[in-house]
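S.K.: Residue strings, one per chain:
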Amino acid sequence: GAGVSQSPSNKVTEKGKDVELRCDPISGHTALYWYRQSLGQGLEFLIYFQGNSAPDKSGLPSDRFSAERTGGSVSTLTIQRTQQEDSAVYLCASSFVTGDGYTFGSGTRLTVV
Amino acid sequence: AQRVTQPEKLLSVFKGAPVELKCNYSYSGSPELFWYVQYSRQRLQLLLRHISRESIKGFTADLNKGETSFHLKKPFAQEEDSAMYYCALSRTGTASKLTFGTGTRLQVTL
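Residue numbers (the numbering used here), protein chains in the order written: chain A, -11 to 101; chain B, 305 to 414.
For the record, the hints were derived by calculation from the structure and aren't laboratory data. Predicted model only: the values in this text are computed from it and were never measured. Possibly wrong hints are sitting among the right ones.
To be verified - Beta-carbon label-pair distances, calculated as ranges:
| no. | chain 1 | residue 1 | chain 2 | residue 2 | range |
| --- | --- | --- | --- | --- | --- |
| 1 | B | Arg347 | A | Phe84 | 39 to 49 Å |
| 2 | A | Val0 | B | Ile355 | 34 to 44 Å |
| 3 | B | Pro379 | A | Gly4 | 46 to 56 Å |
| 4 | A | Gly59 | B | Gln346 | 42 to 52 Å |
| 5 | B | Lys319 | A | Gly39 | 38 to 48 Å |
| 6 | A | Leu27 | B | Arg357 | 28 to 38 Å |
| 7 | A | Gly59 | B | Gln349 | 22 to 32 Å |
| 8 | A | Gly16 | B | Arg357 | 33 to 43 Å |
| 9 | A | Phe84 | B | Thr364 | 38 to 48 Å |
| 10 | B | Lys319 | A | Gly4 | 24 to 34 Å |
| 11 | A | Phe84 | B | Lys369 | 41 to 51 Å |
| 12 | B | Ser332 | A | Gly16 | 38 to 48 Å |
| 13 | B | Lys319 | A | Gly59 | 41 to 51 Å |
Quick reminder that beta carbons are idealized off the backbone N, C-alpha and C, glycines included.
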């Protein structure tokens, strides 16, 4: 596609429920990243996929968070048993293997009530 | 560990005044530095990267390895420059995660 596409754009969920956030990267981009943007916290790295290599999960805040990338393209970030502190904007980005063309999606705003 | 510090949460300047958004970093290897900008209701986008050594929308940034800084400058601020600015760092040469600062909101007033 022309850009990085994320869905849904907004998600309101009840505390304790599971949510899935989707990211469709730019075609040809082998690297895919998830970040979390919270008010006053800047952008927090969550997880990074590069081709067929094992993902860098070092930023995932707890074992309630997981992500997968199927077929080297679309990625899904799953948050289990959501908590209020999970409320944030979740951003996805993709890039070429060289790191050039790092492009962000418009994000999913998650609100846990 | 890599770290990016943006000491100012908010920078308010008058239109036509010079702008300097501060960014300091710590990184043990060879870093690549970036500035990203997020205008109101728009997605985060790349403004410039140090290896390009280019000026975008009148903004420049010079990497100072001695001071470990990458401050963003513009000689004359415009209203349309009002936005959130993030400094970011990654490893050089290959795709890797970006480490972001907490951002500085630039407010340009008449």
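S.K.: Run every hint past the structure and note whether it holds.
M.R.: A quick look at each hint next to the structure:
As the Cβ distance of arginine 347 (chain B) to phenylalanine 84 (chain A) is approximately 19 Å, the hint placing it in 39 to 49 Å is violated. The supplied range of 34 to 44 Å is met by valine 0 (chain A) and isoleucine 355 (chain B), whose beta-carbon atoms lie about 41 Å from each other. The hinted window of 46 to 56 Å between proline 379 (chain B) and glycine 4 (chain A) holds, with their beta carbons roughly 53 Å apart. Take glycine 59 (chain A) and glutamine 346 (chain B): their Cβ atoms lie about 30 Å apart, and the range 42 to 52 Å is violated.
Between lysine 319 (chain B) and glycine 39 (chain A), the C-beta spacing of about 46 Å keeps the proposed range 38 to 48 Å intact. Taken as a hint, the range 28 to 38 Å holds for the pair leucine 27 (chain A) and arginine 357 (chain B), whose Cβ atoms sit roughly 34 Å apart. At about 27 Å, the beta-carbon gap between glycine 59 (chain A) and glutamine 349 (chain B) stays in the expected band of 22 to 32 Å. Restraint check, glycine 16 (chain A) to arginine 357 (chain B): a C-beta distance of roughly 26 Å breaks the suggested window 33 to 43 Å.
For the pair phenylalanine 84 (chain A) and threonine 364 (chain B), the supplied restraint of 38 to 48 Å is violated, since their beta-carbon distance comes to about 25 Å. Between lysine 319 (chain B) and glycine 4 (chain A) the beta carbons are some 49 Å apart, a value that contradicts the proposed interval 24 to 34 Å. Roughly 26 Å separates the CB atoms of phenylalanine 84 (chain A) and lysine 369 (chain B), a value that falls outside the hinted 41 to 51 Å. Between serine 332 (chain B) and glycine 16 (chain A) the C-beta distance comes to about 32 Å, which lies outside the given range of 38 to 48 Å.
Hint check: lysine 319 (chain B) to glycine 59 (chain A), Cβ distance near 50 Å, so the stated range 41 to 51 Å holds.
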